[in-house]
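Those letters in the sequence shown? Residues 1 to 137, per UniProt numbering, in order.
Errors might be hidden in some of the hints.
As the list claims (entries may be wrong) - Simulated crosslink set (DSSO-like; lysine-lysine; CA at most 30 Å straight-line): (1) K106 with K88; (2) K8 with K38; (3) K106 with K53; (4) K53 with K88; (5) K38 with K88; (6) K8 with K88; (7) K8 with K53; (8) K106 with K38; (9) K38 with K53.
What the hints contain is simulated information worked out from the structure, not anything from laboratory work. On a predicted model such as this, the values are computed, not experimentally measured, just so you know.
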Amino acid sequence: MDTNELIKRYAAGERDFSGVNLSGVDLSCIGLSQINLKGADLSRAVLTEANLKLANLSFANLYGAHLERVNFTGARLFQANLRRSFLKETLFIEADLRSADLRDAKLLRADLTNADLWATRMPDKFTYSPSAKLAQS
């Protein structure tokens, strides 16, 4: 599936895109709140400033994705693969990141306020501040 088809179907009211292949697509600055991308392949996709508030990305593959300033507030990323992704100023407020894989990800000023990080595999050399901001050292 390409970007244009996804936008067209989303604009028509469709929300269930589970299992779709969006590898390498550019979804920058697109609002996709409440979309279901469960098990979708978004590896190496560019989602700069995308709005994925309340989206379901459980079991999604976001390996190597560019996720700068993405809004994942309230999103489900249970067992999502975020390895080697770029996460600068990304919002994970109240997101479900249980068992997600963030190894080798670049986390810069990501906001994890009230996020569920149970069994989340975090990158090496990160610091976690009391205000729930995460920064890689």
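We went through each hint and held it up to the structure:
Between K106 and K88, the direct Cα distance comes to roughly 7 Å. Compliance with the 30 Å bound is thereby established for this hinted pair. For a cut-off of 30 Å, the pair hint linking K8 to K38 stands: about 19 Å separates their Cα positions. For the given pair, K106 sits about 21 Å from K53 by alpha-carbon distance, which is consistent with the 30 Å threshold. Between the alpha carbons of K53 and K88 the distance comes to roughly 17 Å, so the proposed pair stays at or under 30 Å and holds.
The hinted pair formed by K38 and K88 meets the criterion: a straight-line CA distance of about 23 Å does not exceed 30 Å. Annotation: proposed proximity of K8 to K88 holds, straight-line Cα distance about 28 Å (limit 30 Å). Straight-line distance between C-alpha atoms of K8 and K53 comes to about 19 Å, which keeps the hinted pair within the 30 Å bound. In summary, the hint linking K106 to K38 is supported, as the alpha carbons are separated by about 23 Å, within the 30 Å threshold.
Straight-line distance between C-alpha atoms of K38 and K53 comes to about 14 Å, which keeps the hinted pair within the 30 Å bound.
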